[in-house]
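K.L.:
Chains as they are written, first to last, in the working numbering: chain A, 1 to 321; chain B, 322 to 642.
Please keep in mind that the hints were generated in silico from the structure rather than gathered at the bench. A couple of the hints might just be wrong.
If you want the footprint, here are the derived chain A segments under chain B, 3+ residues with CB under 8 Å [what the hints assert, rightly or not]:
1. 157 to 165
2. 185 to 192
3. 285 to 299
Some, not all, of what chain A presents toward chain B, calculated at C-beta under 8 Å [claimed, not checked]:
4. 149
5. 169
6. 170
7. 172
8. 175
9. 176
10. 178
11. 260
For glycine and all other residues, C-beta sits at the position ideal for the given N, C-alpha and C.
There are 2 protein chains.
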Amino acid sequence: MTQTNRCIVADIGGTNGRFGIATFHEGQVKPDIDQVIVFPCREYDSLSQMLGAYIEKLGSSVPREAKLAIAGPTTEKKGRLTNLGWEVDADQIARTHGLEAVKFVNDFGALARACPFLEEGVDFVTLKNGEADPAAPISVMGPGTGFGVALLVPNGHGGYHTVSTEGGFMAFAPGSRLEHDLTEHLRTDLGYVSVESFLCGEGIARIYRFLVDYGGGGDRDLSPAEITKLAAEGGAPACTRAVQLFLSIVGSTAGDIALVHGARGGVFLGGGILPKIADMVGPSDLLRRFVAKGAQSAYVETIPVHLITAEYAALVGAAVA
Amino acid sequence: MTQTNRCIVADIGGTNGRFGIATFHEGQVKPDIDQVIVFPCREYDSLSQMLGAYIEKLGSSVPREAKLAIAGPTTEKKGRLTNLGWEVDADQIARTHGLEAVKFVNDFGALARACPFLEEGVDFVTLKNGEADPAAPISVMGPGTGFGVALLVPNGHGGYHTVSTEGGFMAFAPGSRLEHDLTEHLRTDLGYVSVESFLCGEGIARIYRFLVDYGGGGDRDLSPAEITKLAAEGGAPACTRAVQLFLSIVGSTAGDIALVHGARGGVFLGGGILPKIADMVGPSDLLRRFVAKGAQSAYVETIPVHLITAEYAALVGAAVA
Chain A
1 MTQTNRCIVA
11 DIGGTNGRFG
21 IATFHEGQVK
31 PDIDQVIVFP
41 CREYDSLSQM
51 LGAYIEKLGS
61 SVPREAKLAI
71 AGPTTEKKGR
81 LTNLGWEVDA
91 DQIARTHGLE
101 AVKFVNDFGA
111 LARACPFLEE
121 GVDFVTLKNG
131 EADPAAPISV
141 MGPGTGFGVA
151 LLVPNGHGGY
161 HTVSTEGGFM
171 AFAPGSRLEH
181 DLTEHLRTDL
191 GYVSVESFLC
201 GEGIARIYRF
211 LVDYGGGGDR
221 DLSPAEITKL
231 AAEGGAPACT
241 RAVQLFLSIV
251 GSTAGDIALV
261 HGARGGVFLG
271 GGILPKIADM
281 VGPSDLLRRF
291 VAKGAQSAYV
301 ETIPVHLITA
311 EYAALVGAAV
321 A
Chain B
322 MTQTNRCIVA
332 DIGGTNGRFG
342 IATFHEGQVK
352 PDIDQVIVFP
362 CREYDSLSQM
372 LGAYIEKLGS
382 SVPREAKLAI
392 AGPTTEKKGR
402 LTNLGWEVDA
412 DQIARTHGLE
422 AVKFVNDFGA
432 LARACPFLEE
442 GVDFVTLKNG
452 EADPAAPISV
462 MGPGTGFGVA
472 LLVPNGHGGY
482 HTVSTEGGFM
492 AFAPGSRLEH
502 DLTEHLRTDL
512 GYVSVESFLC
522 GEGIARIYRF
532 LVDYGGGGDR
542 DLSPAEITKL
552 AAEGGAPACT
562 RAVQLFLSIV
572 GSTAGDIALV
582 HGARGGVFLG
592 GGILPKIADM
602 VGPSDLLRRF
612 VAKGAQSAYV
622 ETIPVHLITA
632 EYAALVGAAV
642 A
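Starting from the given sequences, assemble the full structure and let the hints guide the process.
P.N.:
Shown next, in the form of structure tokens:
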């Protein structure tokens with residue numbers, strides 16, 4: 001194994017930065033990821049500082065390259081972590097840490113790039129079977145600190161073009177009276193209500209507070225993590241209802257995005273939140289809402305839907321970017 | 322000019338079939354389109370019959386190939402015209418008319434393929450300036466008998482991959498109290514309300530009838546063509562209001578689709594309806610709604626928006642398919 005076959009990879013969201021080492025072995029398309037360490041973003045002032053902390057933990061044998069997936073708009077050399085307000089410069093980070101090359105990629109772009117390399121049962125579970133058309137696009141999306149949306153378009157030579165989008169900011173289309181009331185309630189605060197208004201950690205808290213205020217009480221001040229934890233454990237009806245409504249909105253939105261992408265190649269759901277509530281997906285309305293698309297229900301019914309469970313998936317994508 | 326440089330092209334929607342001859346001249350990337358004839362679909366029982374009528378009008382010098390853009394899901398050899406219920410078979414049509422090759426392409430896929438060849442001021446007008454990123458996708462969409470949506474993704478070698486989608490069936494997100502009331506009114510009849518429920522000829526009639534019923538009277542039984550004609554002439558307030566609301570919904574939907582496509586390469590609006598009401602676009606809310614996307618308004622503000630005015634645009638796209 002030579003030095004050039006290893007690189008530092010990272011996936012920096014709004015909450016955590018996950019760092020690891022990707023190693024490409026001969027005759028193997030999917031890189032191995034190891035030495036994974038997660039750093040809470042709030043404990044650092046910059047991406048460079050987080051990377052420095054990781055390099056310090058590595059000790060010796062530090063790879064000479066880094067490929068960093070960041071939650072925000074980015075080019076290879078300059079980017080911005082939207083929720084943290086961090087402006088980042090690849091060449092400056094490389095100089096600071098004595099690296100030969102540093103490259104950025106959008107976090108959902110990285111997750112999308114990983115999808116063709118992921119293994120069923122190991123890295124993802126299939127929520128809904130279908131007939132994936134290998135010549136058609138694949139949609140990749142998921143809630144985390146925001147709602148990321150990306151698209152893979154087959155290039156006709158066995159690979160894909162990756163398209164990063166801002167699909168999380170599409171207007172939200174309520175699918176029930178409850179969703180309408182919730183939307184109008186949020187509109188007062190937010191002005192514009194996008195799918196991301198609901199489909200992120202803070203979105204779960206918004207749904208939960210609305211249900212508490214209008215549905216019969218409960219502790220208003222739970223964090224998104226507490227709500228999903230209590231919902232998964234059972235015994236906290238308002239938390240369970242909030243997560244169920246959240247999953248309905250995931251399904252409806254995923255169906256809309258699949259239609260707009262022509263994603264007959266499949267839909268991959270990822271991000272930080274869904275794996276934690278994976279057991280609640282089955283009994284939820286997610287799949288029913290995914291296919292409830294009127295005259296085109298038959299079209300979305302052919303589309304397989306997968307849930308990415310591997311925590312290092314975006315690191316694989318950053319490595320192959 | 323050799324025979325192989327000419328082909329029959331057509332764009333068959335739900336209402337009309339537009340046929341022409343595409344000629345590729347040496348040193349010219351955009352084919353010339355001439356001998357255009359429009360046939361009303363309702364006067365024919367099949368696509369083959371329409372093509373026969375066109376070939377008969379041509380008389381001598383009939384090209385040996387045909388490339389037919391059809392409004393519906395299709396492969397190169399088999400397709401379905403959704404609104405007419407016509408199943409079509411390319412090889413059978415070729416045999417019937419003694420052609421060497423017949424090929425289908427989706428009508429919005431064809432319109433999308435045409436976009437890189439269209440000329441500003443000749444084939445399209447720019448509704449809104451922006452900074453088109455040549456490395457980013459281009460969204461192509463428009464209302465006609467249905468609401469077509471396609472996507473061009475740069476292939477990195479100066480060309481594009483074309484993606485046909487069913488984006489017209491995404492759920493509609495009301496952006497005002499009036500749009501909410503209209504949506505709930507339609508939901509009673511349609512069950513599921515998509516953007517196409519409004520963004521097509523029948524959609525204009527639906528908006529108009531709602532305004533007549535709930536807004537103060539008028540002749541309920543106008544056709545979509547009559548409504549747009551009266552609106553363009555002025556003097557029929559309910560028609561004008563219906564078209565204004567229609568254009569607002571075009572703008573809001575185009576903004577959502579641009580976000581979901583990551584269409585920083587631009588948005589092209591086409592289809593049969595918009596060129597007829599082009600003069601009403603300026604005073605409408607179309608562009609205001611296009612950019613009203615909350616935290617990502619700055620993103621959509623950079624995207625240029627064009628209106629395709631060339632009636633033969635999809636024929637150019639069929640020719641280059």
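K.L.:
So, for every hint listed, does it hold in this structure?
P.N.:
Hints, one by one, checked against the model:
Against chain B, the segment 157 to 165 of chain A contributes 4 residues with a C-beta closer than 8 Å to a partner C-beta. That satisfies the three-residue criterion, and the hint holds. Closer than 8 Å: that is the beta-carbon criterion, and the segment 185 to 192 of chain A has 3 residues meeting it against chain B, so the requirement of 3 holds. Closer than 8 Å: that is the beta-carbon criterion, and the segment 285 to 299 of chain A has 6 residues meeting it against chain B, so the requirement of 3 holds. The closest approach between the C-beta of residue 149 of chain A and any C-beta of chain B is roughly 7 Å, which is under the 8 Å cut-off, so the hint is satisfied.
Look at residue 169 of chain A: its Cβ gets to within about 4 Å of chain B, closer than 8 Å, so that hint holds up. For the restraint placing residue 170 of chain A at the interface with chain B, the shortest Cβ-Cβ distance is roughly 4 Å, inside the 8 Å limit, so the hint holds. A cut of 8 Å between beta carbons decides the hint on residue 172 of chain A: the least distance to chain B is about 6 Å, and the hint holds. This hint holds: residue 175 of chain A has a C-beta 6 Å from the nearest C-beta of chain B, less than the 8 Å allowed.
Below 8 Å, beta-carbon pairs count as interface contacts, and residue 176 of chain A has none with chain B, the closest being about 11 Å; its hint is therefore violated. The closest approach between the C-beta of residue 178 of chain A and any C-beta of chain B is roughly 14 Å, which is over the 8 Å cut-off, so the hint fails. For residue 260 of chain A, the interface hint holds, since its Cβ comes within 8 Å of a Cβ in chain B; the closest pair sits about 4 Å apart.
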